[in-house]
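Given only the sequences and the hints, what does the whole structure look like? Please build it.
Here the sequence shown is numbered in the working numbering, starting from 1 and rising by one per residue.
Rather than coming from a laboratory, the hints here were simulated on the basis of the structure. Hints should not be assumed to be uniformly reliable.
[What the hints assert, rightly or not] Cβ-Cβ distance ranges computed for the label pairs, FRET-style:
1) T122 to S95: 15 to 23 Å
2) P46 to G130: 53 to 61 Å
3) A106 to L64: 34 to 42 Å
4) G97 to L64: 44 to 52 Å
5) M21 to G44: 31 to 39 Å
6) T24 to A92: 21 to 29 Å
[To be verified] Calculated pairs, SDA-like style, for lysine to any residue (alpha carbon to alpha carbon, straight line, at most 20 Å):
7) K134 to R86
8) K134 to Y124
9) K134 to W108
Heads up, the beta-carbon is just placed ideally off N, CA and C, and yes, glycines get one too.
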Amino acid sequence: MSQALTFWLVGALVALIAEFMSGTFYLLMVSLAMACGGLAAWLGAPELWQWLLASVSGIAGVLLVRQRRRRIAAPPRPQDDPDWGRQVEILALTSPGHARIHYRGAEWDAELLDPALHAGATGYIAGRQGNLFKIASTQPE
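So, in structure tokens, the structure goes:
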């Protein structure tokens with residue numbers, strides 16, 4: 001039982017560390033699934049039940065993340081926005097999910113649609129709400 005518990009918890013820790021380095025929530029769900037397998041091992045469940053619990057919880061977690069990402073999909077392209085798809089430079093992160101960008105010779109406030117964007121990166125305008133630009137990491141179609 002202790003070998004199985006060690007396997008699950010080390011796997012969960014490795015997935016969690018990889019999650020911190022990648023910035024996606026998929027590996028977080030894998031880490032939680034492996035922790036569920038470890039919980040089952042700690043409670044003395046047979047190996048088959050450990051794998052079953054880890055698999056079901058992992059699939060459920062990945063589906064939840066996928067569903068959430070679809071809900072937060074990029075807004076459709078407005079027909080009359082000349083700024084759509086233009087390249088901008090991210091100057092500084094001001095708060096989680098927000099930044100100052102350089103565009104058309106001035107600094108603007110922006111909302112980052114992709115958590116992988118960082119200061120010094122290049123982004124693309126994917127929408128606008130008043131004077132707040134919405135910035136994506138890939139050029140919108």
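Cβ separation of M21 and G44, checked against the hinted range 31 to 39 Å: Holds, at about 34 Å.
Quickly compare the C-alpha distance for K134 and Y124 to 20 Å and report which way the hint goes. holds, 8 Å
Range hint compliance [Cβ, G97 to L64, 44 to 52 Å]: Given about 20 Å between the Cβ atoms, the range is violated.
Go ahead and decide if the range 34 to 42 Å is satisfied by the Cβ distance of A106 to L64. holds, 40 Å
Quickly compare the C-alpha distance for K134 and W108 to 20 Å and report which way the hint goes. holds, 11 Å
Measure nothing beyond the straight line between the CA atoms of K134 and R86; if it is 20 Å or shorter, mark the hint as holding. holds, 11 Å
Kindly confirm whether 53 to 61 Å is satisfied by the beta carbon distance between P46 and G130. holds, 58 Å
Starting from the hint 21 to 29 Å, judge whether the C-beta atoms of T24 and A92 obey it. 23 Å Cβ-Cβ, so the 21 to 29 Å window holds.
Do the Cβ positions of T122 and S95 conform to the proposed distance bound of 15 to 23 Å? With a Cβ separation near 20 Å, T122 and S95 satisfy 15 to 23 Å, so the hint holds.
Checked against the numbered hints given earlier, the structure breaks only hint 4 and satisfies all the rest.
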